[in-house]
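Chemist: Spelled out from the first residue to the last, the chains are:
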Amino acid sequence: GAVVSQHPSWVICKSGTSVKIECRSLDFQATTMFWYRQFPKQSLMLMATSNEGSKATYEQGVEKDKFLINHASLTLSTLTVTSAHPEDSSFYICSARETIIHNEQFFGPGTRLTVL
Amino acid sequence: AQSVTQPDIHITVSEGASLELRCNYSYGATPYLFWYVQSPGQGLQLLLKYFSGDTLVQGIKGFEAEFKRSQSSFNLRKPSVHWSDAAEYFCAYGAGGTSYGKLTFGQGTILTVHP
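Chains as they are written, first to last, in the working numbering: chain A, 1 to 116; chain B, 117 to 231.
Keep in mind that the hints were calculated from the coordinates and are not lab data.
All figures in this text were calculated on a predicted structure; none of them were measured in a lab.
Here a beta-carbon is modelled for each residue, glycine too, at the ideal position from N, C-alpha and C.
No false leads were mixed into what you were given.
If you anchor each label on the Cβ, the simulated ranges turn out as follows:
1) B:Ala-133 to A:Thr-80: 44 to 52 Å
2) B:Ala-202 to A:Leu-26: 23 to 31 Å
3) A:Thr-82 to B:Arg-138: 38 to 46 Å
Keeping only pairs whose Cα atoms sit at most 27 Å apart, straight-line, the calculated DSS-like set for lysine-lysine is:
4) A:Lys-55 to A:Lys-66
5) A:Lys-20 to A:Lys-64
6) A:Lys-64 to A:Lys-41
7) A:Lys-55 to B:Lys-218
8) B:Lys-218 to B:Lys-177
9) A:Lys-14 to A:Lys-64
10) B:Lys-177 to A:Lys-41
11) B:Lys-165 to B:Lys-177
12) B:Lys-184 to B:Lys-165
13) B:Lys-165 to A:Lys-41
14) A:Lys-64 to B:Lys-218
15) A:Lys-14 to A:Lys-66
16) A:Lys-41 to A:Lys-66
17) A:Lys-41 to A:Lys-20
18) A:Lys-41 to A:Lys-14
19) A:Lys-66 to A:Lys-20
20) B:Lys-184 to B:Lys-218
21) A:Lys-41 to B:Lys-218
22) B:Lys-218 to A:Lys-66
23) A:Lys-20 to B:Lys-218
24) A:Lys-55 to A:Lys-20
When you get a sec, could you build the whole thing from the sequences and use the hints?
Modeler: The structure is reproduced here in structure tokens:
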């Protein structure tokens with residue numbers, strides 16, 4: 001299957017700082033990527049749909065000014081958590097749609113964010 | 117809004133025993149349904165998916181799932197569990213049309229396998 005990577009795998013930051021998380025499709029191009037958030041012992045919640053070359057589409061209740069998404073190339077989407085606070089601590093997971101061979105989503109390993 | 121329910125938060129089985137993980141969805145139209153497995157440090161891996169056609173779907177690692185429209189269910193089964201199957205399993209509903217690709221996940225079921 002196709003491979004999706006995330007960087008960093010974990011990050012600890014101080015309250016008020018911004019953190020950028022990268023999602024890369026390593027061996028395929030993805031016009032669409034998705035960002036999910038997973039709280040401990042809970043399910044994945046879709047945050048936004050990232051479209052290459054256009055603005056991201058955010059789910060209801062997700063602050064677009066808080067979670068900035070940029071999909072500048074066909075293999076890279078970034079999620080920036082701005083002015084992070086402890087309640088933003090979570091596990092962030094991205095996925096990328098591969099439409100040529102598998103026609104399915106492939107998920108990254110996730111990024112653990114801890115805000116102190 | 118559509119929802120996906122996995123009634124069992126945690127299931128424990130003995131190695132070699134059969135397994136069934138339950139999943140119910142609430143949505144009117146024909147759904148796209150998926151089962152994923154999540155292991156620590158690894159991304160979610162697709163086990164199988166149902167779009168249309170045969171209601172019994174075969175997946176990887178010996179898993180299968182049956183779509184039952186009358187019961188709004190898509191239960192995952194495996195006849196003989198291996199210790200390496202211990203992980204968390206997620207059922208998901210996929211939207212179609214302009215929302216194609218968006219997934220709604222169930223709460224997840226943690227599977228523990230005893231030797």
